[in-house]
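With the hints as extra help, turn the sequences into a complete structure.
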Amino acid sequence: MTGRKPRHRPRRRRFGCLPILAIVIAVVALLAAVFLRSRALPENEPLPSVRAPVQQVDLRPVSDFAAIADPAERSVALFKEAGRVIQHPRCLNCHPRGDRPTQTDAMRPHNPAVLRGGDGHGLSTLRCTTCHQTQNAKVSGVPGNPKWALAPVEMAWQGKSLGEICRQLLDPARSHMTRDQLLHHMAHDELVGWAWHPGGKRSPAPGTQAQFGNLIQSWIETGAQCPA
Amino acid sequence: MAFTLSINGRTHRVEEDGNTPLLWVLRDTLGLTGTKYGCGVAQCGACTVHIDGKPVRSCVLPLDAVGAAPVTTIEAISGPEADALRESWVARDVPQCGFCQSGQMMSALALLRTIPAPSDADIDQAMSGNICRCATYNRIRAAIHDAATKADGRTRT
Chain A
1 MTGRKPRHRP RRRRFGCLPI LAIVIAVVAL LAAVFLRSRA LPENEPLPSV
51 RAPVQQVDLR PVSDFAAIAD PAERSVALFK EAGRVIQHPR CLNCHPRGDR
101 PTQTDAMRPH NPAVLRGGDG HGLSTLRCTT CHQTQNAKVS GVPGNPKWAL
151 APVEMAWQGK SLGEICRQLL DPARSHMTRD QLLHHMAHDE LVGWAWHPGG
201 KRSPAPGTQA QFGNLIQSWI ETGAQCPA
Chain B
1001 MAFTLSINGR THRVEEDGNT PLLWVLRDTL GLTGTKYGCG VAQCGACTVH
1051 IDGKPVRSCV LPLDAVGAAP VTTIEAISGP EADALRESWV ARDVPQCGFC
1101 QSGQMMSALA LLRTIPAPSD ADIDQAMSGN ICRCATYNRI RAAIHDAATK
1151 ADGRTRT
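Read top to bottom, the protein sequences are chains A and B.
Numbering (the numbering used here) for the first sequence: 1 to 228.
Numbering (the numbering used here) for the second sequence: 1001 to 1157.
Calculated directly from the structure, the hints in this document are not laboratory data.
The reader is advised that the hints may include incorrect statements.
Claimed, not checked - Mimicking DSSO-like on lysine-lysine, the simulated pairs with C-alpha atoms at most 30 Å apart in a straight line are: (1) A:K147 to B:K1054; (2) A:K201 to A:K80; (3) A:K160 to A:K201; (4) A:K138 to A:K80; (5) A:K80 to A:K160; (6) B:K1150 to B:K1054; (7) B:K1054 to A:K201; (8) A:K147 to A:K201; (9) A:K138 to B:K1054.
Dropping the structure here:
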């Protein structure tokens, strides 16, 4: 007989359902252990910086600049220090480039979408006083002041360098102020003064209004020189 | 502290903290629940009332700031513009869930009394502080135009 011998194929290892099921269960258990492990809840962690109490930042006093012999150079240095207030969000928010104010330390567009109107106090149909009263509202946190308004568009500060703002301040056609009026506005105006008492979670302008007024006064007395 | 308030033509004497928002007094003390609480921070306009005829967000208005000024709520609006607004609101079937609508109508009424024949831009600007989560803005705008016409206003384009 010449019949062929049956070929013996190597026997393949076979996996039944149970081992596969065991592997799936093991993987699921492992993933569950990873994702459900005990961790500190977010509220146990320190507050992120944006929610931390606002910080008061100092201004350098006028006496710090006395060592600068050249009056023009001293004048520029004084204005640069005052510029830390001028370019603070508390001031810039009300000196927008367009007709819409900005708000918060991040200077985002005001919400609701309000516009300056003819007198800087809002449109006749949506005045600032619809929401802003004569003082900061404690319960809601909405800021307020009796003179709440935008600066004239000729006095837009946002997007300008400190030197450009300086020259703008000294131009009566745009600032609508003499130097005496400018000093009074900076040192004594109550709406400007709100920048140091903004309430809520808003960071105040650096220093105090009196310190800021002293810097502006010394800047004017030294010739009101502007940075480049 | 005691406050004497003039609301909807009546005098009310209330005992509250001066920081209490007017809205809470209207709703909780006086039961005038037509004025709604939406956000509590003057972002939505649902709480709009009129003080001296001007729209004000009552959720951020402390009692200290109200004084003797006359307050008008949605329950007491009257006059040709108010009547026209009511009719137009019904005819256009403006509300969906309705929660914001009393505030919308208070702002719309102040608009029509300031600008009798408002343009689309006038309406959008005046109503920009009133949010509607059902997005009924197009019907609101159309109803204001209708009301302006009914109240003898002349709609501009």
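Hint check results:
1. Between K147 of chain A and K1054 of chain B the alpha-carbon distance is near 18 Å, which keeps this suggested pair within the 30 Å criterion.
2. With a CA separation close to 26 Å, the supplied pair K201 of chain A and K80 of chain A stays within the 30 Å bound.
3. Of the pairs offered as hints, the one joining K160 of chain A and K201 of chain A holds, with about 26 Å between alpha carbons and a cut-off of 30 Å not exceeded.
4. Restraint check: the Cα-Cα separation between K138 of chain A and K80 of chain A comes to about 34 Å, which exceeds 30 Å; the hinted pair is violated.
5. Between K80 of chain A and K160 of chain A, the direct Cα distance comes to roughly 14 Å. Compliance with the 30 Å bound is thereby established for this hinted pair.
6. Proximity of K1150 of chain B to K1054 of chain B is assessed by CA-CA distance (about 22 Å); at most 30 Å being required, the pair is judged to hold.
7. About 29 Å separates the Cα atoms of K1054 of chain B and K201 of chain A, which keeps this hinted pair within 30 Å; it holds.
8. The suggested pairing of K147 of chain A with K201 of chain A holds, with an alpha-carbon distance near 21 Å, which does not exceed 30 Å.
9. A distance of roughly 22 Å separates the Cα atoms of K138 of chain A and K1054 of chain B; the hinted pair therefore holds under the 30 Å criterion.
Against the hints set out earlier in the document, a violation occurs for number 4 only.
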